[in-house]
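Those protein sequence lines, which keep their order, are chains A and B. Following numbering that gives the first Met the number 0, the numbering of the first sequence begins with 0 at its first residue and continues without gaps. Following numbering that gives the first Met the number 0, the numbering of the second sequence begins with 0 at its first residue and continues without gaps.
A pair holds if it fits inside one copy or across any two, identical chains being indistinguishable in the list.
Okay, derived cross-link-like pairs now, DSBU-like style, lysine-lysine, Cα gap no bigger than 35 Å in a straight line:
1. LYS129 / LYS177
2. LYS177 / LYS128
3. LYS128 / LYS40
4. LYS70 / LYS177
5. LYS3 / LYS48
6. LYS129 / LYS144
7. LYS128 / LYS3
8. LYS129 / LYS48
9. LYS3 / LYS129
10. LYS177 / LYS149
11. LYS50 / LYS70
12. LYS70 / LYS128
13. LYS50 / LYS3
14. LYS48 / LYS128
15. LYS40 / LYS50
16. LYS129 / LYS40
17. LYS129 / LYS50
18. LYS70 / LYS129
It should be emphasised that the hints constitute simulated quantities derived from the structure, not laboratory data.
Protein chains: 2
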Amino acid sequence: MRQKSTERRNAILQAAFNTVCARGYYETRIDDVARAAGVAKGTVYLYFKDKPDLYVGVTVWLINQARTIIKDIARQQCSPSAKLQQVFSSWVEHLLSRPTAISLIFPEMNYHHCAITPRFRQRVMPELKKLIDDLSALVRDGIQKGEFRKIDPHLAAISFLGAFHAALLGVSRYLGGKNTPERALDIFFYGIRRSV
Amino acid sequence: MRQKSTERRNAILQAAFNTVCARGYYETRIDDVARAAGVAKGTVYLYFKDKPDLYVGVTVWLINQARTIIKDIARQQCSPSAKLQQVFSSWVEHLLSRPTAISLIFPEMNYHHCAITPRFRQRVMPELKKLIDDLSALVRDGIQKGEFRKIDPHLAAISFLGAFHAALLGVSRYLGGKNTPERALDIFFYGIRRSV
DNA sequence: ATCTATACTGACCAGTCAGTCATTATACTG
DNA sequence: CAGTATAATGACTGACTGGTCAGTATAGAT
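Using the sequences and the hints given, assemble the complete structure.
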């Protein structure tokens, strides 16, 4: 009784992630993913029901990685600010070479994928909400410790994503200036208003 | 000597904008756009070279609208902060019913559209850069008037886009909480750190 | 070693849709 | 009004790709 290989599944996931980052979902061919994973095209369908299913797999996989980073850092003994900073830096480190991956995270980008939206909603949105909850928890901790202003932790978590996004844009090929990603985090922390 | 109708061109652009916002570029059929615009499918090709050309047209059109709003507001006699706030509110007002439009603005989302990326680069990126320059000018003004911290205006402009994005997410169907868009702007202005 | 059940393969197929173009419609001119 | 040139039409076409499945390969059991 032969087993499907976890190894092969991961190879397909990784190949799909790479291709989706390079080209986007719609310009990604199953054939390309298969070739990059070193399997036959039909093999992809042994592990994933169809193309949208593969996409959902990739997105959940990415979000779980992002959450793992948060969890590891949340366990450290340092201030909430330092924790947010570390999550930020770690994420930047991971995605700097593939900024397009961020589109996997933003849901309104995924309105685009109408064919998978119901499935996306059922299987990815819960994960994404957990990601935001993880970030919210860090913010809540900071509020309780008097480090952060009294703001909605949920919105702050979402704004953190926006700041992360801006960070990637700020160093990107097309819109980049003389920035480092940390400057975007600085704006997130301190705002643009001058204190009086 | 018959002329092509500007009216018809705009109808096609508007229809394409609506469909792209509702479904994304790849789930948008030329047939759907034509029907929504009240023209035949082949007519679309009288005004736009091909599908990517239509997409570029829509994106440039949206960016120009966003810029018009900035320009109008920049002319008013009020503080730089108030100006940014008004741009923010006006944009929110325009896009609240179609948050997906924001994907037209963020370039790494458009890496997805490999078929149009070179064309996009040549025709849309210059407009997008101008949009960011317009915002940067407002920020620069605020810095000179002592209202804003000494930060890179360019990065602040990008962060403004990120904050705008977060605002839309914060009130969205999937990730929304009890927020108003203005709260995201508040975070952009004052950050999350508590002042000491 | 043989047998079995499942993994794996890749040529094939059907459906889709962007783009085409022969035909028709219509605005404009004299 | 007739003629002309261009706009507009929509059925058709061909390229493409996701998914299928008959055939092959192979791991595991006996």
